[in-house]
Every structure is written in C-alpha cells, then in structure tokens.
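Going down the list, the sequences are from chains E and G.
As numbered in our numbering, residues 1 to 89 make up the first sequence, in order.
As numbered in our numbering, residues 1 to 138 make up the second sequence, in order.
If you are wondering where the hints come from, they were derived from the structure by calculation, not from laboratory data.
Warning: the hint list may mix true and false statements.
Only some residues are given here: those of chain E computed to face chain G with a beta carbon under 7 angstroms [claimed, not checked]:
#1 33
#2 36
#3 63
Positions of the beta carbon are idealized from the N, C-alpha and C atoms, including for glycine.
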Amino acid sequence: MTFARSLFCFAAAWLGVLAFGSVLRMIQGPTDADRAVALDTMNSLVIAIMILLSAAFDSILLVDLAIVYGGLSFVATMYLGRYIERRSR
Amino acid sequence: MSWMINVLIIPFIVLGIVVNSLGVISLFRFKDVYMRMHGATKCSTLGTIFCALAVIVYSIMQLGAGGGVRFVVLIIHIVLALFGLLIGNSTSAHVLSRAAYRSGILPKMAVIDEYAEFCKKELEAEHAEAEAKNEEVE
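Chain G extracted, bound-state conformation (with noise of 0.2 angstroms):
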C-alpha cells in the first residue's frame, strides 16, 4: 500500500501548501479590500479541501494496513470539520464584503457599480419605516 503515498499524499500535501500560498500572497499583492477577499478565501478554502483529503487518503491507507476503527471515526470527523468550513467560509465572505460596502468602502478599479442604487433604495425604505413609527408615538 506504499504506493498510495507518492501517487496521492504527496501531491494532495504539495497542492494544499502552494494554493494556500497563493492564498495568503493575495493578502500582500492586491489593492483592494474586495480584491483581497476574492483571492484569499477562495485559495485559502480550497487549500484546506486539499490538506484534508491528504489526512483522509492516509486514513484509508491506515485502515488497509489493519489499524481498526478508530480511522473510521478521523475520516467522519474531518468531513464533518469539511462540510463547516465550506459553508462557513462562503457565508463569512459574504456578510464581510457587505459589510465592507456598506461601512463606505468602495471598490477601487470598479468601472459600474449597481450595488448603490439597491442600497440607496433600501435605505429610503428603512427612512420610511422609522418615519411611520414615530408618527405612531407621537
């Protein structure tokens, strides 16, 4: 079962280490808040992917060479930590770049922005809204 170490391991091991390079590169090279959210989630999202299927190809290698049920138990558990971290990484993006939006930030290289007119209008209908309710009180 040696084999499954130089055909699989290593480069699961070498495409996580390069992809979170990039990841964390794009931190240091770009402009931009939103330019530097595009790159380092996704990089850093997908090199985590790759790191823990190199963990799951060794449990699997683990459980052929007889290491009993305990190796079950790691490939469960890292799915479980996989399926978290690729809805939570996704989901934080998001309500950071929103929040990056709406804190004033605007993006630097960006030729049209259609993002203003929806939050301009929301805006008015959260104006309207507090109006009405303090002619309630009054």
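Bound conformation, chain E alone (with noise of 0.2 angstroms):
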C-alpha cells in the first residue's frame, strides 16, 4: 500500500515540474493566445495533480475541489477566448 502511495508522490511532483514548464511558456509566449493555451494545459494538469494526491494522502475533499477548479477554470479560458476575440477588432 505504501508503494503505490509514494508513486502518485512521485507523479504528482513530476507534474508539478511539468506546470512549472508551462508557466514557462506563458510568460515567454509571443502572443496572448499562447499564453490562453498555456494556461489551459496547466489548468488540466493542476486537476490531475489533485486527483493524484487525493490518493496519496486519503482525502476525498481534493477531488471536490478538482471539480469545483475544473469548473472554474472552464469559465476562465471562456472568457479568455471572448477577450482576445473582442479586443482585435
């Protein structure tokens, strides 16, 4: 039991490193459309660091809150796209 805890540890600090190289990206991105895409990719990745963590420490309150980010995030990258839709023109 306790080996498969230490290895969603293990995943989850991988992509936590993962994340971190998508901030990357959003801050380097040449356009705001990439830096949109960037926060999306980090945004699916912070839900799946939660889900693994829920099982590595025994807590079903982190996969609740991966829904409610989930959500959340949803309408964040709607209104993104809205913004960068609206502000060309």
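Build the complex: two chains, separate frames, hints provided.
Laid out in structure tokens, this is it:
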C-alpha cells in the first residue's frame, strides 16, 4: 500500500515540474493566444495533480476541489477567449 | 491483490506521465499557436485520463482489501471530475482556436484556408445588421 502511495506522490511531483514548464511558456509566449493555451494546459495538469494527491493523502476533499477547479477554469477560459476575440476588432 | 499494482497501476502512471510530458514538450517545440494547441490540449487530456484511471484502480484494490464505503465515493467523484475535464477541455480548445483566428493570427504553414471565406461572409452579415439598426434609429 505504501509503495502505491509513494508512486502517486512521485507522479504528482513530476506533473508539478511540467506545470512549471507551461508557466514558462505563459511568460514567454509571443501572442496572447499562446498564453491562454499554456494556462489551459496548466489547469488540466493541476487537476491531475489534485486527483493523484487525493489518493496519496487519502482525502476525498481534494477531488471535490478538483471538480470545482475544473468548472472555474472552464469559465475562465471562455472569458479569455471572448476577450482575445473582442479586443482585436 | 498486490499483483494489481504491478500489472495496472504502474503502467497507467507511466503512461500518464509520458503523455503529459509530451504535451508540455509540444508547447516548446512547435512554432504556431494552432500547432501548440493541437499538441497540448490532446496530450494533457489523455494524460489526466490515465492518471485518474490509476487512482480508480488503486481505489478498487483498497475496496478489495476491505477499505470501506469512502473508496466508492472517491471513485464516483473522480469519474465526475473526469467528465467535467473532458467536456471543458475540448470546448475551451475550440473557443481558443476560434478566438485566435479572429484576432488576426493566421496559421503559418497552412496551404489552404477555407475559414477565411466563412469569416468574411459572417462579417458582412454583421455589418448589414448594424446598418439596418442604424437606419431604424434614424
């Protein structure tokens, strides 16, 4: 049992490094659409991290947080798309 | 039940990590917004699905070892989060690509662009509507 939990912790740490990489793209990105795509990738990585840590630390609360985070990030991406589309006209 | 760790959980975790890494690498290696979107959205969705499958297998294993009702709740909540992620990721990729095209970023290496004519027609229709409204006001 402990081995599987440490495996989940390792995977969550790796995905955290990947989320940091997508933050680098968000800083560097030449256009605004690049930044929005990097933000979308980072959101789904954070959801994966939350699901893995909920199994590692044995708490259902983190999965509920992941559901709410997914809904909020969806709405945020919708408004970002609206903003990018409207600003150029 | 510990054979399930080796047979199912480790491959799912490894697949999730590898596919997610490919998605983030594609953010840095591709040249264009559309190519980056193509790589990053698909890969991050599939990698998250694999990570969630690993956790679901772990919870089924705990249920077999006498874990209790809370692992059933965990499985149901993970499936809910997965559905939200599937619908949300595909829709937001669609919205972002549409917004990127309409904000004037053209795909660099595309040979044929059929969306431009459609956009032109839509813009003309919008202008006609706006003029009709102006005439009504006057």
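Which numbered hints turn out to be false for this structure? Violated hints: none; all satisfied.
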